[in-house]
Structure formats: structure tokens, C-alpha cells
Amino acid sequence: MIEIRMHGRGGQGTVLAAAMLAKALVAEGRHAVAVPSFGFERRGAPVAAFLRVDDKPIRRMTNIYEPHCVLCIDPTVGRAVNVFEGLQPGGTLVQTTARGLDDLQMPDTVGRVGLCDAVALAMGIFRRPITNTLMLGAFARTTGLVSLEALEEAVRGAEFRDAGLAQNLEAVRRGFEATTVHELTHAEAA
Amino acid sequence: MLKQTEGSRAVAEAVALCRPEVICAYPISPQTHIVEALGEMVKDGSLAPCEFINVESEFAAMSVAIGSSCAGARTYTATASQGLLYMVEAVYNASGLGLPIVMTVANRAIGAPINIWNDHSDALSQRDSGWLQLFAETNQEALDLHIQAFRLGEELSLPVMVCMDGFILTHAYERVDMPTQAQVDAYLPPFEPRQVLDPAEPVSIGAMVGPEAFMEVRYLAHAKQMEALKLIPGYANEFREIFGRDSGGLCHTYRADDAETIVVAMGSVLGTIKDTVDQMRDAGHKIGVLGITLFRPFPIQQVRDALHNAKRVVVLEKSLAVGLGGILATNVRMALSALPIDVYTVVAGLGGRPITRRSLHALFRKAEQDEIDAVSFLDLNRDAVDKQLARERAHRRTGPAAEAMLRDLGVVAAKLA
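Chains as they are written, first to last, in numbering that gives the first Met the number 0: chain D, 0 to 189; chain P, 0 to 416.
Be careful, since some hints might not be right.
Covered by chain P, per the in silico footprint, the following chain D stretches (three or more residues, Cβ under 8 Å) [unchecked claim]: (1) 17–25; (2) 58–70; (3) 158–164.
These aren't lab readings, by the way, just hints derived from the structure by calculation.
Backbone N, C-alpha and C define an ideal beta-carbon position, used for all residues, glycine too.
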């Protein structure tokens with residue numbers, strides 16, 4: 000079982016992204032459960048969503064405390080919550096940031112990093128900092144867990160209107176293409 | 000047909016396949032997505048003929064449900080938490096009158112303190128209301144149980160509450176097998192009411208009954224509930240024949256055959272418990288699980304049969320009988336009367352407190368050594384409780400306890416970990 004924790008802020012579509020990613024994974028023959036966490040969330044407050052992927056049916060429905068992968072769709076959510084909490088050794092971080100790898104601080108548990116300047120890309124595509132579908136592309140590029148084609152199909156199945164659909168399809172593809180993947184050697188292999 | 004969808008949406012589609020004729024509801028988290036989806040289906044004509052009635056409160060929701068069910072319409076509503084409490088007078092009337100309304104309860108804690116997250120306090124507060132109560136372990140079971148609920152309720156002329164864990168199930172996106180209309184039609188015959196308000200053949204429903212017959216009318220309600228225990232296994236078998244999967248029934252064991260310790264629970268936490276038990280079984284522990292699907296009527300004999308060979312029983316429940324301990328545990332104890340089995344009550348997950356495998360592991364290992372109290376609280380922050388108790392011993396005007404505890408914990412706004 001692979002456990003993924005997604006961090007974002009209220010209004011950015013973190014929960015919708017988790018549902019789309021689950022749909023794409025299922026389309027490729029996996030079992031996937033997306034569990035949003037609900038609090039007194041409002042626009043801008045940190046939110047999390049959880050995703051389990053396995054080759055067999057998934058029984059546990061709890062939140063995820065020891066993820067294999069952390070996906071941050073907001074560049075500053077890491078200042079508000081410890082996004083690395085419980086990350087398994089050799090874990091994966093997929094992060095939206097304008098900075099380079101050397102400018103990021105992260106614990107030794109991180110073994111692989113995917114970086115994508117999704118905010119800048121989003122301003123170009125949507126003229127607003129909506130990063131969720133861009134970061135799904137970044138996730139696919141970094142982890143190889145899901146194909147770009149399955150993600151595109153999941154975006155088509157979500158309830159976007161015409162222009163929004165075209166923009167989000169572009170966003171998934173651009174997110175995939177613009178992500179750089181780095182293997183870190185200090186971490187133990189998981 | 001397999002589809003990846005939200006639990007609430009899956010339940011809404013299953014309810015629609017049951018061809019309800021009246022749906023009345025008032026929004027309350029975490030139930031809202033279910034009736035929203037049904038409202039859309041009625042509006043766009045995909046669920047017809049059906050009237051969706053927006054009401055001004057939960058009390059009105061159940062009152063309208065009573066009226067429409069009396070008129071012979073298959074009737075559905077949904078609620079949670081304070082909403083359920085607000086409709087209670089009408090809840091008892093629905094069962095007392097023998098009206099087969101089906102209601103989803105998206106289980107949520109009851110205030111005060113106000114809390115929107117999951118536990119079983121709401122549904123269990125209605126355990127003696129005369130409604131049948133089914134608890135879903137998964138979203139697949141939640142949607143299946145709704146189909147069975149209409150069949151069962153209409154056969155017995157009793158209302159049925161289908162309970163599913165709020166947020167944990169209602170808001171999770173996962174794969175479910177959605178039945179076809181033909182399958183549901185083959186399983187669920189048209190509603191043939193035992194009593195109906197018909198201008199052509201006028202009757203009154205809801206007579207005042209004095210001491211001469213009240214006991215007998217109430218006894219009938221009990222007798223009919225007990226009949227459900229006989230009907231449900233047959234309905235579950237029939238369900239398997241038409242839909243090709245096991246769903247429903249009274250209670251289910253898991254790896255319990257030679258178990259010395261058996262954990263009893265209801266709802267979605269069974270998934271986490273089974274994962275934990277698998278790990279412990281691999282390490283040689285003799286531990287198993289009993290999941291209760293039917294809470295009312297309580298399947299006393301089946302629970303006794305499932306547990307009678309165990310050395311000890313751990314009842315893990317998301318509810319608290321204040322001043323006593325557990326609600327589910329009290330029922331389990333009754334099923335085990337006169338048997339030399341230790342029954343431990345563990346109150347867990349109140350108000351959405353996570354129930355993790357780590358905590359369950361530690362709990363079950365201690366239980367195997369009989370090192371837990373008769374009544375205990377999983378992951379209770381004892382320091383926080385002691386601090387408040389000490390404050391209350393030292394001062395008179397200590398102010399509101401919940402606010403004091405949040406201040407101690409440094410919490411600015413309540414949140415899930």
C-alpha cells in the first residue's frame with residue numbers, strides 16, 4: 000500500500016485533486032481511496048487530503064500519519080504545518096516552489112523531490128494561482144504512479160466547464176512537463 | 000457497475016434506484032451531500048416520479064415523512080447529530096405508528112461542546128426509539144443496506160435507520176459496485192402499505208390509546224423488531240443471489256474461530272481493526288473480530304454464539320454512556336450473561352478523535368494480558384483532564400471547562416490532527 004498526504008490551502012482544490020487522482024489510479028486498475036480531512040476550513044487555511052493506493056481492496060479509512068509521499072500544492076503551506084511529519088524514510092516530496100532544490104530545507108527522510116513552479120504556470124494559464132491540476136501532473140512525473148493520460152481522463156470526468164476543462168487539461172500536461180525530479184543520496188532506501 | 004465516487008453520492012444513487020416517491024430533508028453536515036445529490040436528480044427529472052420537499056427544520060422533515068408515508072408513498076430522509084435530536088419526538092411517532100420510512104444517519108457527535116466530526120452518539124441515543132438500526136462498515140455496504148432497508152422496513156411496517164460514519168464514509172472517494180435498476184427492481188417490490196390514508200376508504204391513524212391497550216401496542220412493536228432477526232438473514236441471502244455479493248446480515252466474525260480475544264465494533268473502524276488483527280495474527284496472536292451490522296434489534300443469540308468460546312471480549316465503541324461506560328458494551332454483556340468471559344469497554348474516537356493502528360495494537364496487546372480497566376478511554380489525554388480537575392478542586396469559578404481545556408492545549412481553533 001502506498002499512502003499519500005496532500006497539503007494545500009482552503010479554496011485551492013486539494014480535495015478535488017485527491018478525488019481526481021484516485022479516479023485516475025482506479026482507471027489504471029489500482030484500488031484507491033481518497034479521504035479528505037474536514038475541519039473549520041476556510042479560504043486560505045491549511046487543509047489536507049489523504050490518498051491510499053493498493054493492488055487489493057483497501058479497508059482502513061483513517062487519516063494518514065506516516066505517508067510515503069507528500070504532495071504540497073501551495074508554496075507556503077509548509078510554514079503553517081509540518082508537511083514532513085511522519086514521512087517514511089526514502090519518502091517522496093512533490094512541491095510547488097519558485098526556488099531551486101538547494102534553497103529548500105527538508106529532513107533526511109526525503110529521498111526523492113519533484114519541484115514545479117506551479118504558481119507561475121497557473122498565473123499563465125488561469126491568471127489565478129490555482130495549482131491543483133498542475134501539481135497532479137507534477138505528481139505523475141515525480142512518482143510514475145499514474146500516467147498523464149489517466150490524469151487527463153480524470154480531469155475530463157470532473158465537472159469543469161468548457162474553458163475550465165481546456166485550461167485544466169493544459170495544466171496537467173504543463174505540470175508534468177515542467178517538473179524537475181531529484182534523487183537525494185543521503186536518505187536510506189525505503 | 001464499478002465506479003469511483005464519493006460515499007454520499009453512492010448512497011444517493013442507491014436510494015434513487017429504490018424509487019422513493021417523497022424525499023424531505025433539512026441540511027446538516029455530514030449528511031448534506033446525500034440529499035443535495037437526490038435534490039439534483041429530482042430537479043433534472045432523472046428521479047421521477049418523486050417529490051423533493053425542502054423543510055424548515057428536522058422536526059418538519061420527520062413530520063412530513065410521517066405524512067407522506069401515511070399517504071402510502073415510499074419516503075426517505077437523512078440527518079445527523081443535533082438534527083436527529085431535534086426530530087426525536089417525530090422519530091418515536093414514526094415507529095410507534097408503524098411507518099416504514101428509511102433514514103440515513105451520517106453519524107456525528109452530539110454537543111455540547113459543538114463538534115461536527117464522527118462518533119455514534121447520535122444514532123445510539125435513538126436505540127430505544129423503535130427504529131431498526133443498521134451500521135455500515137464500508138461505502139459499498141452503506142449503499143447496499145439502503146436497498147435492504149426499504150425491503151425490510153416495508154415488510155415489517157417499521158422505520159429503518161441506516162447509519163454510516165460521517166466524513167469517514169460520507170466524504171471518502173472510493174470504488175463501489177453500483178447496482179442496476181433491474182437488480183433493485185427484482186429485489187425490492189413496490190411499496191404495499193399495511194395502512195394508508197385514502198379518501199375512498201377513510202381511516203384514522205394515530206389514535207389515543209389508554210392503559211387498556213398501550214402495553215399491547217408497544218409489545219407488538221417489540222415483537223415485530225424481533226421478527227426482523229428472522230427475516231434479515233433471508234434478505235441477505237436473496238441480496239447475494241441478485242447482486243452477487245455479501246452485504247447486510249446480523250453480525251460477522253473475522254478470523255475469530257480459535258480466538259481467545261475478540262474485538263467487537265460497529266462501522267468503518269472495523270477496517271482498521273481488521274488490518275491490525277491481520278498483523279497480530281501473523282505474529283501468532285489468537286485474536287479475532289466481531290462486527291455488528293444490526294444494532295436494533297440486537298442479535299443477542301448470534302452475538303453469544305460468536306463470542307462464547309473467547310476468553311475475553313474487547314468492545315471498542317464510538318459512544319459513551321455517561322455515568323455507566325459503554326452502550327454497545329452493555330448490549331454485548333447482556334448477550335454474554337452467565338458466561339465466564341471478561342468484557343472490556345473501550346470508548347474510542349469520540350468527536351472524530353483518530354483511531355490509529357498504533358493505538359489499537361497497544362490496546363489489544365494489553366487486553367490480551369488483562370491489563371486494561373473494565374472501562375477505558377483510548378488515547379485519553381489524562382494530563383489535560385487532571386489539570387482541569389485540579390483547577391476545579393482549587394477554585395469555585397473556574398469558568399467553562401471546554402474553553403479552559405482548549406487554552407491549556409494551546410489550540411486556537413478546533414481541528415483534526
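Consistency of the hints with the structure:
no., hint, verdict
1, 17–25, "holds (count 5)"
2, 58–70, "holds (count 6)"
3, 158–164, "violated (count 0)"
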